[in-house]
Amino acid sequence: KHKQQSGPVPRPEGLAPENTLMLFEKVVEAASDGLETDVTLRSVFPFLMHDHTLRHVTNIHKVFANRTNSPVAMFTWSELKRLNAGFWFFSQDPFGTADSLEEEERWRAGNQSVCSLQLYLQLSHPYRNSLVQRTLEVINTSTIHLHPLEELQSSNIVKLNLDYSSMSAELIREYAAVNITTNLYVVSQPWLYSLVWCAGAHSVTTNAPQLLGALSFPMVISSLLLLHSSDC
Numbered sequence: 001k002h003k004q005q006s007g008p009v010p011r012p013e014g015l016a017p018e019n020t021l022m023l024f025e026k027v028v029e030a031a032s033d034g035l036e037t038d039v040t041l042r043s044v045f046p047f048l049m050h051d052h053t054l055r056h057v058t059n060i061h062k063v064f065a066n067r068t069n070s071p072v073a074m075f076t077w078s079e080l081k082r083l084n085a086g087f088w089f090f091s092q093d094p095f096g097t098a099d100s101l102e103e104e105e106r107w108r109a110g111n112q113s114v115c116s117l118q119l120y121l122q123l124s125h126p127y128r129n130s131l132v133q134r135t136l137e138v139i140n141t142s143t144i145h146l147h148p149l150e151e152l153q154s155s156n157i158v159k160l161n162l163d164y165s166s167m168s169a170e171l172i173r174e175y176a177a178v179n180i181t182t183n184l185y186v187v188s189q190p191w192l193y194s195l196v197w198c199a200g201a202h203s204v205t206t207n208a209p210q211l212l213g214a215l216s217f218p219m220v221i222s223s224l225l226l227l228h229s230s231d232c
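End of the sequence shown = 232 in this note's numbering, gap-free, step of one.
The set of hints was computed from the structure by calculation and includes no laboratory data.
Treat the hints with caution; some may be incorrect.
Stated by the list, open to error - Pair by pair, the computed Cβ-Cβ distance ranges are:
| id | residue 1 | residue 2 | range |
| --- | --- | --- | --- |
| 1 | E151 | E104 | 52 to 62 Å |
| 2 | E170 | S70 | 21 to 31 Å |
| 3 | E102 | W77 | 26 to 36 Å |
| 4 | D163 | L121 | 25 to 35 Å |
To be verified - Calculated pairs, DSBU-like style, for lysine-lysine (alpha carbon to alpha carbon, straight line, at most 35 Å):
| id | residue 1 | residue 2 |
| --- | --- | --- |
| 5 | K26 | K62 |
| 6 | K81 | K26 |
| 7 | K26 | K159 |
| 8 | K62 | K81 |
Note that this is a predicted model, so its numbers are computed, not measured.
Beta carbons are placed, not taken as given, at the ideal position from N, Cα and C, and that holds for glycine.
Sequences are here, hints too, so could you generate the full structure?
If you want it as structure tokens, here you go:
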């Protein structure tokens, strides 16, 4: 088991402005095993965007003042390229981390633009050559409920992507016994990561790879909280 792995990551808190290439580069630097993002399609041109509008993560109020509440998908790529997607990171400082960036990084973060899917796919990352296949695998497993083991085995399911709150150490061990690995989401607190680690989860989806990656072994947690797991 690779218990120190951090799975696909949508939005690492405080590393860089979301929806930008700089953010995903930071995720790779944090030694994450995969990337996860939201893709929006407009005029057959896909780009990365989590929000439904642009008012919180760009300077749209300065560029398209009368369209601040318009859906993201209503903008062309040419229009999106005119927007600054990094200035808000400093003006709002949502995670209180903006001042921790070096001067060069502050300049770069403040001048980020909306990231296209094409640029994202070109990012140097261990999974770049199999990103499409991995995306399909995650999609195919993300809606799976807790089916009987026999049904999962007959369908050749070898990996489950599950909400951590729906799992227990016993279920994780039962899956592992028949060679079905589990990825749990969204796990961003060190204590919770330690909990699922000791429970036997294979990997996690997290918003904080920089925190979880710093743990070389689980935190000490009471046996009651560990749900009687003895795998640590």
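Results of checking the hints against the structure:
Remark: the range hint 52 to 62 Å for E151 to E104 is upheld by a beta-carbon distance near 53 Å. A C-beta distance of roughly 49 Å is found between E170 and S70, which places it outside the suggested range of 21 to 31 Å. Restraint check, E102 to W77: a C-beta distance of roughly 31 Å satisfies the suggested window 26 to 36 Å. With their beta carbons about 28 Å apart, D163 and L121 fall inside the hinted range of 25 to 35 Å.
With a C-alpha separation of about 28 Å, the suggested pair K26 and K62 falls inside the 35 Å cut-off, and the hint holds. Proximity of K81 to K26 is assessed by CA-CA distance (about 22 Å); at most 35 Å being required, the pair is judged to hold. Of the supplied pair hints, the one linking K26 and K159 holds, its CA atoms being roughly 27 Å apart against a limit of 35 Å. Distance hint between K62 and K81 is fulfilled; the C-alpha atoms sit about 14 Å from each other, no more than 35 Å.
Hint violations for this structure: number 2 only, all remaining hints satisfied.
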